[in-house]
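Chains F and U are the protein sequences, given in the same order.
Per our numbering, the first sequence runs over residues 1 to 433.
Per our numbering, the second sequence runs over residues 1 to 273.
Honestly, I wouldn't trust all of these hints.
[To be verified] DMTMM-like, lysine to aspartate or glutamate: derived pairs with alpha carbons at most 20 Å apart:
#	chain 1	residue 1	chain 2	residue 2
1	U	LYS114	U	GLU209
2	F	LYS246	U	ASP79
3	F	LYS158	F	GLU184
4	F	LYS246	U	ASP37
5	U	LYS157	U	ASP124
6	U	LYS151	U	ASP90
7	U	LYS38	U	ASP76
8	U	LYS120	U	GLU158
9	U	LYS120	F	GLU251
10	U	LYS245	U	ASP37
11	F	LYS246	U	ASP76
12	U	LYS120	F	GLU430
13	U	LYS114	F	GLU319
14	F	LYS311	U	ASP79
15	F	LYS158	F	ASP187
16	F	LYS311	F	GLU242
Hints listed in this document are in silico derivations from the structure and should not be mistaken for laboratory results.
Just so it is clear, the structure is predicted and the values come from calculations on it, not from any experiment.
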Amino acid sequence: MSEIEATMQPVRNIGDELMSEEGARRVRRRYRADFRFRAYGIIAIAIAVGVLGILLATLIIRGAPAFVQTQVTITVDLRDAGIDPADPARADWRGIVADSLEAMFPGAGAAQARELRDMISGGTPFILRDRVIADPALIGTVFDIEVPASDRIDQLNKGAIDRDAPVAQRTVNDQQIAWFDTLEAQDRIATPFNTTLFVGADSRYPELAGLWGAIVGSFYALAVCLALSFPIGIAAAIYLEEFAPKNRWTEMIEININNLAAVPSVVFGLLGLALFLNFFGMPRSAPLVGGMTLALMTLPTIIIASRAALKAVPPSIREGALGVGASHQQAVLHHVLPLAMPGMLTGTIIGLAQALGETAPLLLIGMNAFITAAPDSMMSPSTALPTQIYIWADSPERGFVARTSAAILVLLGFLACMNAVAIWLRSRLERRW
Amino acid sequence: MKEATTSASSVSVRHAHSGVAMPTKVHARDVTVHYGDKQALFNVTMDIPANSVTAFIGPSGCGKSTFLRCINRMNDTIDICRVGGTITVDDQDIYDPKLDVVQLRARVGMVFQKPNPFPKSIYDNIAYGPRIHGLVRSKSELDGIVESSLKRAGLWKEASERLNEPATGMSGGQQQRLCIARAIAVSPEIILMDEPCSALDPISTAHIEELIDELRENFTIIIVTHNLQQAARVSQMTGFFHLGKLIEFADTGELFQSPQNSMTEDYITGRFG
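Generate coordinates for the entire structure from the input sequences, incorporating the hints supplied.
Here is the structure:
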């Protein structure tokens, strides 16, 4: 009793204590500390959001012009062009295009033929040829056809070229500007949505370059990556988490898997190069090899995420199943796995999203080749979205600057979609217990 | 003065004087358990009678749950756990290497401390055991097992209208009775209960206790509990464990009224534990 009394404080008035000068000072100090702590957090988030905003804004501002393309309507006269209706492909399409342009601007002499030709895309002869092959009735008629303007005229139309700059500092000369103004006055210039950006494959001409080849290549590579890394990763995770004995070997494997997740992707690229291309002699630049290389890189991510998902399933579920006489394997397959599935799928999609944006491994196995057609199989050479961005970023033509940003936006769009699917799957499949 | 020794040889085992003597269901002889280097159970020897409720009491960490989990070899799931001695159920050595542990667990069901229904429908929770053991041939047979199991667990009235609703939507007490129904559904011989009421409110606890008393008719029930009143209410035999040793094992009435061991007396009178 006396001991308790000794440790007891004298009776105190709580109001006195809370309202005293000393108490108020303590409270103010704590409030200030709270405020500072919250401020640091808000500042950190503001910086992160700001940087992200700058990145996105830059990309959008830079990439937006690439989503439209200047088109020029030219009049083609095929009445006397010497086209063999049986084999129109062999006609002199380059000459026909040059003649058509000269007919539109009679004042331009032979000396200016080249400048005139530079007004429209270098691919015009092929566009015209394909159009006529598709519709042979055009032979012997005069008709209008809309073709992409050349990169320099496209830039001029989009205001990227300063008309008042000295001639030496701009890619169009005064004559070409005059022609452009004439065409515009004749209502022959249009700026529709750039479908080529999505349906075309790569090209030397920016106005004809598109992402379709890269999209298909990325799709194939991701499909291979998913087909390999998902089953292998899930099986490895289930075995390691649920069945493997806990000993030095499994511990070592576990540490190594965790380390693999941190290995730079270029190393996986080198491994793919050495293993798949050099040792197995598989084709260069093929999405199949790209997917296999990306699978090597994605595996640790999927294994780690899947193990975390398995670990998160409460042991009581396992015990309940064992308690009614389920075997260990039945308990895992019937109860643990369905509960861990959302986490595993999310991990897989995050891993795939990472693989979609990965450039270095693909560069090493040659998926940065210049390929002007979408791949028709997993074995045919192709690029992928990130390597296409890499190629375009490296190209000197003005038009590729905007297209690089546009391609990055497209890639980000795909990534956002994949993450949205991951979120949707998680909320859809997640069950409470 | 009563004997105060804790050695295994001094364990006093007295069988029920009152009521009908039941044949022994579980024989345990010199059962020891090691977790790695640490010994958790020292030479436990006891005979658990059939068709009765046997309660294990004792302070936390005394080894009562460890011993319970030896009876359906649940300890096998822990890598570092080693079990010595012999345990027989109906004269079959359950640690016989030729015996399939999964078959054993179907005969020795278990209900856990925290209700752990599967995150599936009520129906599927009950039907899971019969399904994996191939006990049923048709849907109607399965329906019958689900109904009878729920009825025996006293849950049919509450659950019959919502068989396809998730089991996790039920109250804690209902979930625990569902877990008991789930254990019954594979028609085991023995049901082990590891503190089945510790997560439940008094009314749910009363329900479960009533249920345990009814189930005694068809099953041998072994229950671990922290609640001495519960042991006294539901069990016919009680074993008191302390520091990994079985101190006393006797008819419940006798153990609570005239404990032979001073430690037992100290524990049941609340002087330690």
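task = Check each numbered hint against the structure and report the violated ones by number, ascending.
result = Hints 6 and 9 not satisfied by this model.
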